[in-house]
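Colleague: Spelled out, the chains give:
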Amino acid sequence: MNSEAILDLFRIIILVFVLSGCIRLLFRRKNMAFVVFFTLGIACILLSDCYWLAYDLLRPDSRMPFAANEICEWAFFLLLGSAISSRYSKEYFRWKKEIVAVLLFVTGNVALWIGWSGEWLQDILTGVAFACFLCALVNQIKQEGILDGGWGILLTVAGFVLILGQAGTLLEVIPEPVRKILDYSCYFLMFALLVTFMIRTVLSFGEKKYSRTMCFSFLCFAWNVVTMYMSGDIFFLAAMCLSMVSFLLMYVALKREVTAE
Amino acid sequence: MIFAENILVCIVVPFLVALLFVKGEVRQYLVAFLLGMGGSLMAAYIGGYLGTVSGLGQNDTSIFLSPMVEEIMKLLLLVFFLFLFEPGDRMLVMLSVAIGTGFATFENCCYILTFGADSLSYIIIRGLAVGVMHIVSVLSLSIWIICIKRLNVFSFSGVFGGLSLAVIFHSIYNLLVSEPGVSRTIGYILPILSAICIYPLYKKLMVLLKNKK
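Protein chains in written order, with the numbering used here: chain H, 1 to 261; chain P, 1001 to 1213.
A couple of the hints might just be wrong.
Said to hold, decoys possible - If you want the footprint, here are the derived chain H segments under chain P, 3+ residues with CB under 8 Å:
no., region
1, 35-41
2, 51-57
3, 64-70
4, 77-88
Source of the hints: derived by calculation from the structure; they are not laboratory data. We put the CB at the ideal spot given by N, CA and C, even for glycine.
Construct all of the structure, not just a fragment, from the sequences and the given hints.
Modeller: Here is the structure:
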């Protein structure tokens, strides 16, 4: 069993815990649409992980072709997007600048994924599903007003710096030492922001506004996905570890809201 | 090599004649069963074509591509009934079971004709594994569709989510049984275990949704 498979196993255990908790929340019949979409999304990603683990154990030395786990990932993003959209009015056109920024960011990400993997179709479709989720999330963030002022600007700048930095690592005209520095700087930026969002989410647990906590936890998860997809080797494993925390944060935020009187 | 179309014709003709003598829900059930068998044949054609185009071998095609094609085919049949006949929730569940049963029946027929039916124990295992797997996957899809309809959140992403669950469940089964040993045993147990799990969940969910309404 390699380290990725072991981490995958841990993530499966966490997801089983989250899924069983979500199923219990279903019986409270509060925010039903949100909880149902979220629960199915967790079920999708759980089975996707099970598939990945089974593949890793049965065929350890072969590269997985286009398979069902990718469909589950797309479904997961779409379901999270639908879960968020079921709570808020769909005012995408009111936040034109933000939505354009999100679409540009996702397009940049997709270009990088294609650059790394060469899987055009899968990467574009993953990008479309992820963009749906991010658009719904940005809509929620704007309606809650949680990233007003400096935060919004910081996130936008960080996103685009990250894309340019990672694109630089693909350019062979740039000398190898400079590319390495760029690469590590990108990792620092990604993980620093991820930890910041996690701390912000934990701090928001002290507030009474449950929807804000939910917003932060989803934002944290979205950034975690970006980090995971942009990382390799040990950094990927670190991002995967943190994704377990992200799932737990989302679940706790959801539970607080549903169980609140 | 077997001539799958000929087998389909041979099985379908008595059912077509039987359709003249039955009415109502039984007729709808029979039609769904026959369409399930037709869907199985179509899925085999499409899967074979995609396997050739993608360059994957026969084994890899059945592990990676067939589950997607087969589940999409079953979903299309379910959507066909849903939009054309607008069945009630109970009938939709019945139709989904019929589609799954038809699908599994035709697949098993072709398998037996290709590989023989010498070992009764293996045939029983296959019947309980593949047969139940097709029923569980399409049944869970129909339950999910009923849920999102009742919650007024029937949308593309909702249906796609249900479809992806059915696809991954089918894929996990195919992947596990593709390798000999413990994984194959787990693969064979998986469908019947899922059927046992889904039954009480289905019962509870129906009560929950009924109360909500």
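Colleague: Now, for every hint given, state plainly whether the structure supports it.
Modeller: Verification of the hints:
1. A count of 4 residues in the region 35-41 of chain H with a Cβ less than 8 Å from any Cβ of chain P is obtained; the coverage claim is therefore met, three being the minimum.
2. Under the rule that three or more residues need a Cβ within less than 8 Å of chain P, the assignment of the region 51-57 of chain H holds, with 4 such residues.
3. Residues of the region 64-70 of chain H with a Cβ under 8 Å from some Cβ of chain P number 5, which satisfies the need for three, so the listed coverage holds.
4. Only residues whose C-beta sits within less than 8 Å of a C-beta in chain P count toward coverage, and the region 77-88 of chain H has 5 of them, enough to reach three; the restraint holds.
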